[in-house]
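**Q** Below are the chains, spelled out letter by letter.
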Amino acid sequence: MSLALRNVSRTFNGTTAVKGVNLEVEPGEIIGLLGTSGCGKSTLLRAISGLDPEYDGEIEINGNVSREIQDTASFIFQEPRLLPWLNVLDNVTFGLTGKRKDKENKAIDYLESVGLSDKDALYPRELSGGMAQRVAIARALVTSPEILLLDEPFSALDAFTKMQLQDLLLDVWKKYQSTIVMVTHDIDEAMYLCDRVVILKGQPGEVEREIRIEQKRPRDRGSEYLAHLKSEILDCLDLNKK
Amino acid sequence: MTEQQNSTAAGYASPAQAKVKLDEKKDSLKKNKGSLLQTVLYGSIIPVALIVLWELLSRAGIVPTNQLPAPTTILDKIISLGQDGSLWGHIWITTYRVFAGFIIGTIAAIVLGSIVGFYKIAEQLFDPMIQAFRSIPSLAWVPLFILWMGIGETSKIVMIAVGGVFFPVYLNIVSGILGVDRKLIEVGKMYGLKTFQLVKRIILPASLPSFLVGMRSGLGLGWMFVVAAELMGASQGLGFLLVFGQNMSSPETILASIILFAIIGKLSDWILKQVEVRSLHWQDRLEK
Chain A
1 MSLALRNVSR
11 TFNGTTAVKG
21 VNLEVEPGEI
31 IGLLGTSGCG
41 KSTLLRAISG
51 LDPEYDGEIE
61 INGNVSREIQ
71 DTASFIFQEP
81 RLLPWLNVLD
91 NVTFGLTGKR
101 KDKENKAIDY
111 LESVGLSDKD
121 ALYPRELSGG
131 MAQRVAIARA
141 LVTSPEILLL
151 DEPFSALDAF
161 TKMQLQDLLL
171 DVWKKYQSTI
181 VMVTHDIDEA
191 MYLCDRVVIL
201 KGQPGEVERE
211 IRIEQKRPRD
221 RGSEYLAHLK
231 SEILDCLDLN
241 KK
Chain B
1 MTEQQNSTAA
11 GYASPAQAKV
21 KLDEKKDSLK
31 KNKGSLLQTV
41 LYGSIIPVAL
51 IVLWELLSRA
61 GIVPTNQLPA
71 PTTILDKIIS
81 LGQDGSLWGH
91 IWITTYRVFA
101 GFIIGTIAAI
111 VLGSIVGFYK
121 IAEQLFDPMI
131 QAFRSIPSLA
141 WVPLFILWMG
151 IGETSKIVMI
161 AVGGVFFPVY
171 LNIVSGILGV
181 DRKLIEVGKM
191 YGLKTFQLVK
201 RIILPASLPS
211 FLVGMRSGLG
221 LGWMFVVAAE
231 LMGASQGLGF
241 LLVFGQNMSS
251 PETILASIIL
261 FAIIGKLSDW
271 ILKQVEVRSL
281 HWQDRLEK
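Listed in order, the protein sequences are those of chains A and B.
First residue of the first sequence? That's 1 in the UniProt record's numbering, and the numbers climb one at a time after it.
First residue of the second sequence? That's 1 in the UniProt record's numbering, and the numbers climb one at a time after it.
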């Protein structure tokens, strides 16, 4: 599914958070929105999702300009946001419709792929932070979204779980060819996952640069090419003290 | 690569966790049995000691028995009331009044509370008025209700419903609905839920804890108001026994009635507490 942003801005009570963003996303592309905190990355993502319809400009999803929430889009938030009164299985089936049995089978498949197949009867309070976020990921993926929006989905996780889930995301992407837009402040993560990294900068945030990463996946996290790219990105964000 | 990672992770985790689970189960079983006995035991040490002390003091003649009769005298009184059959009538009618008032008050509070919680305009219209009414001590309504509806059942039940049950339930429902986490509502919206579905699947379950708190304090106040209502004028009921005991200068009747109030009140609260435990087991709360 393709996605296009045309001159998108968002102003909160007179303060502009993000200004004049233009972006064309091809179907199946993975885009990273990278930037320091407060430059409007999440604001932009919420505008795309339809959760926040009060932006200026135009967002076109698959050729339709709309400010509504799309059925074909899924959102993974920074926190798990599980419904505490539902167990893991019911949380995952929350967004599905259809027969109960079918829903549950589907959910079990996804729980297995996030490594939680034996945790389906637990309640959110019984989960660790990493487990809860994995359930949230399963919940977002189970609807087979054509557009997947991620708002710093792995930022609260430890380094190992993070890498594991990044690989999981790539697996799902390979299978469904979802279009993915992810907000992140982790440069390594952006370089490991994305086809293109859009760097936002300033207040209000504006697009500073777009970097295309040509290397094929799976990428080597420690490769020289990525190290070189990282330095370039750091320069671009004025974070390289040399 | 990922699959391998996952499966090794799962393989590593599951046997260890299964064992932990089993141990936990055993532990909790033991704990449950032990803790129930312990709760009953610990909870009854001080009351039993006090009752024994009271009995001894009465028997020794240190406490004037015409003012404060011995526990055994009170027990005798309850048994004799039970034997002549009037006890069940008193208990039944009082419980019936509280129950009826509780149901009516709760339903009214649910209807009004949900409307005020969901619609801004309803909040602006109704809430200031309801808040103003709340600041009137509810017992002040009693004479008016009796004037309007006589001293029959209707006035008593309305008094319990309006004075006791309605306000706590209403206030808790409104604050429960207004306090639902916006983040969870966004999850529902992201899945395309419309207003009705959003209410049913997210807002209601999320405000349930607050609603149950309201029900429990409403029930407590309901018991308070049944006493007030029965003191004002009744020919039957535990509250009537209080007045009757006073008129007959029979403190054991008054104390018998008080004890029965304590038992039934505690029992009804326990039932609600069980409902709460069952329906809110998912809550992440501090367990001592």
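Simulated from the structure, these hints should not be mistaken for laboratory data.
Treat the hints with care, as some may be off.
[Said to hold, decoys possible] Where chain A lies over chain B, by a calculated footprint (3+ residues, C-beta under 8 Å):
{"hint": "1", "region": "184-195"}
{"hint": "2", "region": "199-208"}
[Said to hold, decoys possible] Chain A is nowhere near these chain B residues, computed Cβ spacing over 12 Å in every case:
{"hint": "3", "residue": "W92"}
{"hint": "4", "residue": "L144"}
{"hint": "5", "residue": "W270"}
Even for Gly, the Cβ is constructed at its ideal location relative to N, Cα and C.
**Q** None of the hints should be skipped; say for each whether it holds.
**A** Do the hints match the structure? See the list:
1. Residues of the region 184-195 of chain B lying with their CB closer than 8 Å to a CB of chain A number 7, which satisfies the three-residue condition for coverage.
2. Residues of the region 199-208 of chain B with a Cβ under 8 Å from some Cβ of chain A number 5, which satisfies the need for three, so the listed coverage holds.
3. Every beta carbon of chain A lies more than 12 Å from that of B:W92, the smallest distance being close to 37 Å; the non-interface claim holds.
4. Distance check for B:L144 against chain A: the nearest CB is about 42 Å away, which clears 12 Å, and the non-interface claim stands.
5. The Cβ of B:W270 lies farther than 12 Å from every Cβ of chain A, with a closest approach of about 23 Å, so its non-interface assignment holds.
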